[in-house]
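Asker: For reference, the chains in residue letters:
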Amino acid sequence: DGGITQSPKYLFRKEGQNVTLSCEQNLNHDAMYWYRQDPGQGLRLIYYSQIVNDFQKGDIAEGYSVSREKKESFPLTVTSAQKNPTAFYLCATKASGTGLYEQYFGPGTRLTVT
Amino acid sequence: DQQVKQNSPSLSVQEGRISILNCDYTNSMFDYFLWYKKYPAEGPTFLISISSIKDKNEDGRFTVFLNKSAKHLSLHIVPSQPGDSAVYFCAASAIIQGAQKLVFGQGTRLTINP
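Residue numbers (the numbering used here), protein chains in the order written: chain E, 1 to 114; chain X, 1001 to 1114.
Rather than coming from a laboratory, the hints here were simulated on the basis of the structure. Predicted, not measured: the structure shown is a model, and the values here were computed from it. Incorrect hints may have been included.
What the hints assert, rightly or not - In the DSSO-like style, the derived pairs of lysine-lysine whose C-alpha atoms are separated by at most 30 Å in a straight line are:
1) E:Lys57 <-> E:Lys70
2) X:Lys1005 <-> E:Lys57
3) X:Lys1005 <-> E:Lys9
4) E:Lys83 <-> E:Lys70
5) E:Lys9 <-> E:Lys71
6) X:Lys1056 <-> X:Lys1068
7) X:Lys1068 <-> X:Lys1005
8) E:Lys83 <-> X:Lys1005
9) X:Lys1071 <-> X:Lys1005
10) X:Lys1056 <-> X:Lys1005
11) E:Lys57 <-> E:Lys71
12) X:Lys1071 <-> E:Lys57
To be verified - Okay, the calculated bits of chain X under chain E, using three or more residues with CB under 8 Å as the criterion:
13) 1037 to 1045
14) 1097 to 1104
Backbone N, C-alpha and C define an ideal beta-carbon position, used for all residues, glycine too.
Next comes chain X alone, as it looks inside the complex (with noise of 0.2 Å):
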């Protein structure tokens, strides 16, 4: 049961235009969403976040939209640079038999051509 899921294993996009990742969820209890961005043998870094109380979320380059009622949020990076090149996970927080936990989806990669 798959409750977040990444539906475009990749993606290819110009250098210095717009990359969207996208991700849907299924469990209507997340109530915070998060993006990852990953480099080849090396740990996740976070991005952005966003609460379930908002719909857009907006640092310098990257801006993240939740669609609650789609149960849907997107990852917006423009320009996009040849460094943005990487896997990038949605996650999405819930608590979970009386912890909080991240429950990721399945990545997107994400290569920026120049």
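Next up, chain E with everything else stripped away, as it sits in the complex (with noise of 0.2 Å):
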């Protein structure tokens, strides 16, 4: 059974915590993102990863880290210099290849810091 899972589907931490978000994929896809959602706006880009071993920050990396040490895995590691890290975060994949555009996304995860 192909696809992307998230794990778990919702987390609660504690304020001033590090939390790490689980993906993992086997569609056997090169690239690999990270999103967040947050009510009323669209998705925002975290983190990319366009092969193993390799990541580039994305529109609001701020307070996040990430690493690519398989093609199947990509952690997103939400820290305590994340100002606002309540969200539903969102991983996302890609093929490679010319003219493929399309990513594909995991079922989520919802993040709750109190």
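Using the hints, put the two chains back together into the complex; each one sits in its own frame.
Answerer: Now the structure itself:
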């Protein structure tokens, strides 16, 4: 059963704690992305990775960190430096190749920090 | 700087009628456009797309129109069905800093009334 898994679905943390969100894919896609969605806003890009062992900052990378040690995995750490961490986090993947634009999304993780 | 805008936060349509969702963009470098559908607490799913060299693409009940001179695209759903009730995001693709990225609009919440 191919796809993208994000776990857990809901995550609760106390302010000041780091938390890591999981994203795993078995689509054999090279590129992976992390977005956050806030109410009334579109998806904003946090980090992306086009290939293993390489990643780049997106539009709102401050307070976040990532790693890409395996093709299948792209975990996101929300650090205590992120001022407004409560949000819905989405992981996406994309196949490489000319003319391929579609990104596929996982089911998301809702993070609540109190 | 919002490069992709969906100016209608919400739209209500009667079942069986046509739903028209609009999207405007500012960056002439966008070369491909996509529409995604999103249910609450789920990841977006791809709906339909269009290349910048075309002005129309149709897939069943869904048609996307692109007006490059006006930098405007629209999604038509006809006939509208209750299951179409969701948030719809338009996204525009461009090569930014050497990587293919999607820029998303804020989304339009479509409600189909029986």
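Asker: Run every hint past the structure and note whether it holds.
Answerer: Verification of the supplied hints:
1. This hinted pair checks out: Lys57 (chain E) and Lys70 (chain E) have alpha carbons roughly 18 Å apart, not beyond 30 Å.
2. As the CA atoms of Lys1005 (chain X) and Lys57 (chain E) are separated by approximately 23 Å, the hinted pair is consistent with the 30 Å bound.
3. A distance of roughly 29 Å separates the Cα atoms of Lys1005 (chain X) and Lys9 (chain E); the hinted pair therefore holds under the 30 Å criterion.
4. For the hint linking Lys83 (chain E) to Lys70 (chain E), the alpha-carbon distance of about 29 Å falls within 30 Å, and the restraint holds.
5. Simply put, Lys9 (chain E) and Lys71 (chain E) have alpha-carbon atoms about 22 Å apart, close enough for the 30 Å limit, and the pair holds.
6. Of the supplied pair hints, the one linking Lys1056 (chain X) and Lys1068 (chain X) holds, its CA atoms being roughly 11 Å apart against a limit of 30 Å.
7. Pair hint Lys1068 (chain X) plus Lys1005 (chain X) holds up; C-alpha atoms about 15 Å apart against a cutoff of 30 Å.
8. The hinted pair formed by Lys83 (chain E) and Lys1005 (chain X) meets the criterion: a straight-line CA distance of about 26 Å does not exceed 30 Å.
9. Among the hinted pairs, Lys1071 (chain X) with Lys1005 (chain X) is consistent with the structure: their alpha-carbon atoms are about 11 Å apart, no more than 30 Å.
10. For the hint linking Lys1056 (chain X) to Lys1005 (chain X), the alpha-carbon distance of about 20 Å falls within 30 Å, and the restraint holds.
11. In summary, the hint linking Lys57 (chain E) to Lys71 (chain E) is supported, as the alpha carbons are separated by about 18 Å, within the 30 Å threshold.
12. Only pairs whose Cα atoms come within 30 Å are accepted, and Lys1071 (chain X) paired with Lys57 (chain E) is accepted, the gap being roughly 28 Å.
13. Counting residues of the stretch 1037 to 1045 of chain X whose beta carbon lies closer than 8 Å to any beta carbon of chain E gives 5, which meets the minimum of three for the stated coverage.
14. With a cut-off of 8 Å between beta carbons, the stretch 1097 to 1104 of chain X has 6 residues touching chain E; three or more are needed, and the interface restraint holds.
The earlier numbered hints are all upheld by this structure, with none contradicted.
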